[in-house]
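Since chain H is already given, all that's left is putting chain C on it; use the hints.
Chains as they are written, first to last, in my numbering: chain H, 434 to 996; chain C, 434 to 996.
Please keep in mind that the hints were generated in silico from the structure rather than gathered at the bench.
Computed from a predicted structure; not experimentally measured.
Keep in mind that a hint or two might mislead.
The list cannot tell twin chains apart, which means a pair is met if one copy fits it or any two copies do.
What the hints assert, rightly or not - Derived DSBU-like pairs (lysine-lysine); straight-line CA-CA distance at most 30 Å:
| no. | residue 1 | residue 2 |
| --- | --- | --- |
| 1 | K954 | K841 |
| 2 | K883 | K965 |
| 3 | K454 | K954 |
| 4 | K960 | K483 |
| 5 | K960 | K732 |
| 6 | K452 | K954 |
Protein chains: 2
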Amino acid sequence: MRIAALQQNYIIGDFAYNKAKILAGYQEAVAAGAELVITPELALLGYPPKDLLFQPAFLSDLDAALNDLTAQIGSVPLILGTVRRHPESLLAYNCAIVIQNGQISAEVAKQLLPNNDVFDERRYFAPGEPSTVVTLAGHKVGLTICEDFWNDRDFWRLPRYDYDPIPPLVKQGATLLINIAASPYYLGKVAFREELFAKEAAKWQLPVVYVNQIGGQDGLIFDGHSMYINSSGDIIAKGAGFKEDLIIGELDIPQNSAHINHELTLERHRPDAAILPRGPEWEKEVADALSLGISDYVKKCHFKNVLIGLSGGIDSALVATLAVRALGTERVHGITMPSRYSPDDSAGDAYKLAENLGITIDTIPIEPIFAAALSSLTPIFGPTPWGVTQENLQARIRGTLLMAYSNKNGHLLLTTGNKSEIAVGYATLYGDMCGGLAVIGDLFKTDVYKVAAFLNKEAGRELIPASTLTKAPSAELAPGQKDEDSLPPYALLDAILRRYLEGNEHIDNLFNDYPPETVQKVLGLIKRNEYKRAQAAPILKVSGLSFGAGRRYPIAQNFSHGL
Amino acid sequence: MRIAALQQNYIIGDFAYNKAKILAGYQEAVAAGAELVITPELALLGYPPKDLLFQPAFLSDLDAALNDLTAQIGSVPLILGTVRRHPESLLAYNCAIVIQNGQISAEVAKQLLPNNDVFDERRYFAPGEPSTVVTLAGHKVGLTICEDFWNDRDFWRLPRYDYDPIPPLVKQGATLLINIAASPYYLGKVAFREELFAKEAAKWQLPVVYVNQIGGQDGLIFDGHSMYINSSGDIIAKGAGFKEDLIIGELDIPQNSAHINHELTLERHRPDAAILPRGPEWEKEVADALSLGISDYVKKCHFKNVLIGLSGGIDSALVATLAVRALGTERVHGITMPSRYSPDDSAGDAYKLAENLGITIDTIPIEPIFAAALSSLTPIFGPTPWGVTQENLQARIRGTLLMAYSNKNGHLLLTTGNKSEIAVGYATLYGDMCGGLAVIGDLFKTDVYKVAAFLNKEAGRELIPASTLTKAPSAELAPGQKDEDSLPPYALLDAILRRYLEGNEHIDNLFNDYPPETVQKVLGLIKRNEYKRAQAAPILKVSGLSFGAGRRYPIAQNFSHGL
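For reference, chain H alone in the conformation it holds in the complex:
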């Protein structure tokens, strides 16, 4: 059977745009001889539409768009991801519907609704009843939506749901399984997903077509990597990663499915938490993901250009380099804002970076403003020993200047904090945390260096200056200041953070394995800085556990584990 998968990038709520894109893909696929065309999950709406789903006007416009699209579909069936209203509830169904000859001929609702990590599907959707196979071009097709494929009891140690929607479809004689998805990326997930789907295909001895969205949506990045898998479990065609793609391929569909007594035993693969093994080229994968996250946020929020405060340090250098990779040199602007405590070589490193990247850069010294602020505060404060007040003041003056530039010129300010800093609050709220998108907020500092080194290697030349890569990290807010004066060495800090946050380990394990005073300090900092993260910019998610919607903590709390 000749099947087309529309691996597309949608805009949430832009029904005209999404409808036109789906229709264009459908027509191209039909012209290329496709006998069946498949979109990703919620293609007509974009994912995740969130509380727009509660708006009556949104739902009525969706109905209109669906009617219009349906009327334009011919004899080749289209499997479309969309929402259907629940007749007796405020909730809706997240559906795969079959459209053919201007009619909706079948409708299958998602049964397993993820409500963990970044997902809130129980807020919006009612779970579908176990579904029946759909006959298409003489084949019995089992339609599933994303999570429906992720609950094999042989595969997971602790299944999240009561049942697995796949076996009933197999029992009904399905000869082809289709999964439409909006599956967000994180490190290691591509390989994990391939393994999961290939094993399911082999287990049931059925071909599987997996169609995933691509695109950035606030902090989420959908990576594509759609798959055609034959009944032996071989991936015979793959969609591109982080790019739109139209996959058209022949898939052998068995005449019957008589292979229910499968012999393959799936190993238990559930990670204890959210850390998956990284592939050998993970730095490229992350760079591709973040580049897409940047370019889509800029495009979908109607910006043209981005702005980055360049300190001469590694974080801002990496963000600028990724921004250029995503948007090109013309659309990226840097500003360096030296203070009385900036070593002379910092501005030099920022200028060297700008030169290497080919971007424009301005300098605004903060000294006159800082001096004016200190002198305005002196009557209130009296003489004050140096401290966090003055340090934060400098960071906030910088944030204010960057935002002034953003207001004046319409640039989106990218914020440059990394995950290590965000975890322990080593950042100034309303200062260096200013910005619309936290590009590397889900990368630990030790990984920041690795991705930076990769980008230099990928370019075949120095983009990020060698001096930036080698000097000791510093906030440069006090004389001779180094990050490691206040924080544990990053290798140690990141090891603790990774196990605590992503590995979700018991605190006692950490006390056993690391210096207790360091563990205590780090966990205390994480807890005390919840309020900063509550006001942080959206963070591009590239790990199994990202700050933001994926980790929801009370601010006012006093869990201390007796410490």
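Showing chain C alone in chain H's frame:
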């Protein structure tokens, strides 16, 4: 039967504190002759513990606290709200457990798990199976947890759940229904809840005991108002509002429940959206709620004092007055920061307010810093016409100064934006949006005036100066600027906002009822300012639909309803 309800205020995760509080309440109740003692929902943990529930150390410490508490409970049974682990899932159960003679004798799990508005219970909990009645002191008791009582099919037009947990308990012969709750406050909810519970009691002809938490938790405010209701549906005892209370009362328990063929037909009361009628004393109710929200956030986050930027306008005046009501005069400090565009009387109004309230106040003119910033920016910007850049610059300098004071002195900065401003983005991110708690962020501007007038009336003298109450609102960021130069008149703006946000009406209704260009402008502003709200401080919720966790929107989206 002599029953005690512990209407208490817990701290999330502070097991030692919560355990001691519960035990003290239990012992006091037993000494007063109680035959049964009841806590609110999740008393041992505080509500909502959020992702702390996924932490292994949190769960093991909870187990230890529960064991310790259990050992200290004597022959009078304690009904305790706590979490029990699910043996085969990452999820847990939200339970009411019965403890007696140092043993857990029964355990009932919450069946209806709210996942709407501010609730994410499906993220954390597995739903309980239909429960059996528990025999206590010879009475058959039906135990329910919060939402379990909120799904009467006669009452709601569109039930959110498949079934109602109450009828099975009645059929088992329950002679007393108990509901333990952590039910957050909003305007009109107290009366609504009383009506709902009284009707249920009358419908089943059974007495009902309702025990609710009190306390502020980030943006949520639990209001208490526990209730004892007799089998005729009369509320015979009430817990205090917004305060801890120990309610001990006799309740007649029928010998049998033979009244299943009830005749009372419940009207359908479900509001179309989140607007409930306000009572005659709603301003006091809101003032009490916000006062508790302030004092608990301050206490639970370990602050001593609060800081407010006083502009002479109504919003900051109301916040300061509420802060004094919550904390007393000694713990509130004001700073006024006049600019070149502040009318002379603004600082005067701020000082008058401070004098009326008895709080300290400082003045920091922003002119020198503003001038330094403008002159630092001129080489980059060139000559610039007056505009949003310079306006925001002033607001951000003010935010920076307030945060410097906060860093220096450890005061919590309260932010003063109202719901109307937050909706349309008439606020400067990292400027006047700076602060740890948005006190009046769920009050429309027109309501701000009403609550302010009430506080003057309550005090029996002028707290908020008459001139502040009567002058036209202004951001004072440009010469002669008035809010209504940029925004529709607040009466019109608030009417549109209330129907769109809280009433969740179809956009077409608004176009029918208001000037279309105004509607278009307002809806466009709401949409374009989602990014600001994504970085806003927690907002104290006092309406059925508050910004923050109760309204989750994508930032990058393009739903326009064809406009």
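30 Å Cα threshold - placement of K483 relative to K960: This pair counts as both: shortest intra-copy Cα distance 28 Å, inter-copy 14 Å.
Alpha-carbon proximity context of K960 and K732, limit 30 Å: between (35 Å within a copy, 16 Å between copies)
Intra/inter-copy verdict for K452 and K954 if alpha-carbon distance must be at most 30 Å: Classified as between: cross-chain Cα gap 26 Å, same-chain 52 Å, threshold 30 Å.
Copy assignment of K954 with K841, given that the CA separation must stay at most 30 Å: This pair counts as between: shortest inter-copy Cα distance 22 Å, intra-copy 41 Å.
Up to 30 Å CA-CA - K965 versus K883, copy category: The answer is within: 27 Å in one copy meets 30 Å, while 32 Å across copies does not.
Status of K954 relative to K454 across identical chains (alpha carbons, at most 30 Å): Classified as between; 29 Å across copies, 52 Å inside a copy.
Against the hints set out earlier in the document, no violation occurs for any number.
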